[in-house]
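Chemist: So you can see what is in the structure, the chains are spelled out below.
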Amino acid sequence: MHVVEMRQITKQFGDVIANDRVEFQLKRGEIHALLGENGAGKTTLMRILFGLYREDSGEVIVDDQPVRIGSPKDAIALGIGMVTQHFALVPPFSVAENVIMGYRDSLSMDMKAIEAEVASSAKKFTIEIDPSAIVRHLSVGQKQRVEILKALFREARVLILDEPTAVLVPQEVDALFDILRNLREQGISVIFISHKLNEVMAISDRVTVLRDGRAISTIDTSSTTPSELAKMMVGRETFGVTRQGEAVADQPILQVERLCADDGRGLQALKDISFVVNSGEILGIAGVGGNGQKELAETLCGTRQPTSGGILVRDKQMSGASPSEMTAAGLGRVPEDRHAGMVGELTVADNMVMEHLSRFTKRGMLDRKAIKNYTDQLIEQFQIKAKPSDRARTLSGGNMQKLLLARVLANQPDVLIAPQPTRGLDVGATEYVHNQLLEQRQRGAAVLLISEDLDEILALSDRIAVVYEGEIVGVLPVHDADIERLGLMMSGVIKENKDAVPQI
Amino acid sequence: MPFPKFRLEKTGAPMWFRGLIPVITLVLTFILTSGLIIWGKANPFEAYYYFLIDPLAGRVSFLEVLVKSTPLILTGIAVTVAFVAGYYNIGAEGQLYAGALAAAWLGTVLEGVSTPVAILVMVSGGFIAGMIWALIPALLRVYLNVDEVVTTLLTNSIILFIISAILNGPWRDPQSGWPQSPEIAEAARLPQLAERSRLHFGFVIALVAVAVIWFILTRTGFGLKLRAVGLGKEGARFAGIQVKRTMLLAALISGGLAGIAGYVEVAGIQYHLIGELSPGYGYTGIIIATMGGLNALAVAASGLFFGLVETGAQTVSRALGVPVYLGEITQATMLLVILGMFLLQRYRIRRV
Ligand SMILES: Nc1ncnc2c1ncn2[C@@H]1O[C@H](COP(=O)(O)OP(=O)(O)O)[C@@H](O)[C@H]1O
Ligand SMILES: [Mg+2]
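Chains as they are written, first to last, in our numbering: chain B, 1 to 504; chain F, 505 to 856.
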């Protein structure tokens, strides 16, 4: 008998199928990992179970009864609790107040009695927390414990944790795992969402792997290996592009030296990253999403300031330069998020010339004719399906990407930074982008391809560097790389070539 | 599901609907305010006739509409420049007073110069004063990310206190004891444009400002940068546009234009500075800029329209005996309706 069963769950967002006929079964008193890359559909599936989304089709069964979970309130009544990636706590309130809030709202509340009750509940579940502490003063790990306690206090028998370790330091992870093991002993079922293989291996009894919205398989953790899981998690059909010949890589064009940078929250995201990209080669940066790729791309593009380290473009120190200085130095870049790289409300033509506005103005005045001609020419050359006067936001994803590529490649940059250049594109557009990158390589540009798609990395790169938690854990020539080995490096199970500056 | 499901979908409004927006706005405003007019014991149709049509019928009242719209066009265009760049300058009112203060001072020292020189000096003076008053909130916004809506609003009351202190102190009229600055010199006054009317050269200045801003926004590289920053900071930054610098410039130009509005009121109408120089032109400028859709020419048109509303409010109260506040209520209602229209035109309700 299962506590929760999800049958043939399908959920679509616009064109994206986030969950495609997913089957999921949860036993009583097990820790069940939900493993998958970013965007695999893990959060969506669990939000359906917690009543935050409504499935398009499929069935949810709790204790062998089909149920309709229309809101978190319904879920809580069924004994399902969820700790989301963003906490829902009231900072000025105490732990005890946060725990009972919305659950028991009588007008007069005896805080002493409530605190005692919360304390005893915390003790029962071995959660170390002071009920009278003010939430604002707590660390992230402690806040997470409050969220867990909140769910348990509402008598949850099923506890969903969405990437709970993403915000924790290693010691806090250990403490969390102790709590989870204890909950399992008390018969509570835990759903543990993660994309980190080693954590899944360490804590879970069973694993369900999601990939591209589909449940690939559910297996006992003890009967599998990290490399098998890695394969299930990332394996996709390969693309039909081929590189021509060995790289003629001879001259270092982009040199990154001991680069460090923080993420938006001020935590270190890049730790002493060093690598070299030569002319006429593609260096692929592989890694599971959220391991510093975004920060690396932004730092190289000049939109994020490094905290230390060097970025050399043709031996010229560019660390800390602005985006326009980067462009002037011969560094071309497409943005990770297409929408963030252009101004959607402006026209295609405006966006096309925005990077080099001075070339299209005469004494401060826009040279409309030159702009129109230039745009027409690039639209034709890059086969963009749009008119110069269209608003950029009306373009399809593929055409937006073409617009951004055209803007950059028209200037024949020495270096091309391409973070996730094919994310969300259809097969045709993907192939187009791949061919453009290979063409740049052929022309002698140094191309840095950052991608979470291993097949893309394997198909295009001459060398592959793997990032894990903001560090380069290894650099391999493409002929030494296979999916399994890369998968293990990507999940931090093995680190090799700690001296990551490549030798050719 | 027991009830049909609806979904709000984000789409652009079709072109024919956009053209209808001003008409719908007027009709809705009319319907919403009719109740009040009836309550004031007047006929709404008659009231609206005196409100919107009668002022345009006579020469004097028509010129008065232009007089009223002069500062409104200037504050409207000032707010436009800032809003286009995504800088929400709510401080045009204060910047107007800064410009007025500069004009009141310059007007007393510019004895005996020629009119063109006086205009040039005082336009610059008003512009610079407005710019200076806009500088601190702009710097706070650009470098420390302090919300400009709050700071520009606060600086509005600060300048009013400063002016009140000056008018009750050094500039207090020695004979009458009124808190008003000394009269500005003849040479500093803006020339009249028509007989038996208050219409002055400031109206031309306002039109020139509109033309210049229209040209900058639509025809220059700087204008494209302003629009890019306002419509998508991230994309603009990625393309190498200096977002902070651009926003700062927009804020300063905006302040300067509002300063000119203060100058034309002092040098064209009052000839001295008083604490009640503006009945909220700076705030009305926000409504005007919004109603003009941040398009310089449409903003000028909407400034004229608000000049009509202000004039009409007096006509209607004189003719029908309803309070002048009706004009203000109409303006406020219109703003709410416009905001609603702008919001709603981006959505469409779909049955799913
Ligand atoms: N509210 C939403 N609106 C549109 N698309 C969504 C929404 N939530 C998720 N998606 C899309 O559904 C897919 C699965 O997302 P998600 O469930 O968050 O994946 P995961 O948690 O495994 O990283 C992604 O492509 C994501 O962009
Ligand atoms: Mg997720």
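It is worth saying that the hints were derived from the structure and are not from the lab.
Since the model is a prediction, treat every value here as computed from it, not as a measurement.
Note that the Cβ used here is the ideal one computed from N, Cα and C, for glycine as well.
Do not take every clue at face value.
Each computed DSS-like pair below joins lysine-lysine, with the alpha-carbon atoms no more than 30 Å apart [what the hints assert, rightly or not]:
(1) F/Lys737 - B/Lys372
(2) F/Lys545 - B/Lys372
(3) F/Lys737 - B/Lys316
Derived CB-CB ranges, DEER-like [claimed, not checked]:
(4) F/Lys748 - B/Gly264: 53 to 61 Å
(5) F/Val653 - B/Gly397: 28 to 36 Å
(6) F/Val650 - B/Glu484: 19 to 27 Å
(7) F/Lys748 - B/Asp367: 23 to 31 Å
(8) B/Glu23 - F/Val650: 51 to 59 Å
(9) F/Leu664 - B/Gly266: 34 to 42 Å
(10) B/Gln251 - F/Arg749: 54 to 62 Å
(11) F/Tyr647 - B/Leu267: 21 to 29 Å
(12) F/Val716 - B/Lys362: 47 to 55 Å
(13) F/Val527 - B/Glu155: 39 to 47 Å
(14) B/Thr126 - F/Arg749: 54 to 62 Å
(15) F/Gly784 - B/Glu155: 39 to 47 Å
Here are some chain B residues pointing at chain F (derived, C-beta under 7 Å) [claimed, not checked]:
(16) Val90
(17) Ser94
(18) Gly320
(19) Ala340
(20) Met342
(21) Glu355
Chemist: Check each numbered hint against the structure and report the violated ones by number, ascending.
Modeler: 2, 4, 6, 10, 12, 13, 15, 16, 17, 18
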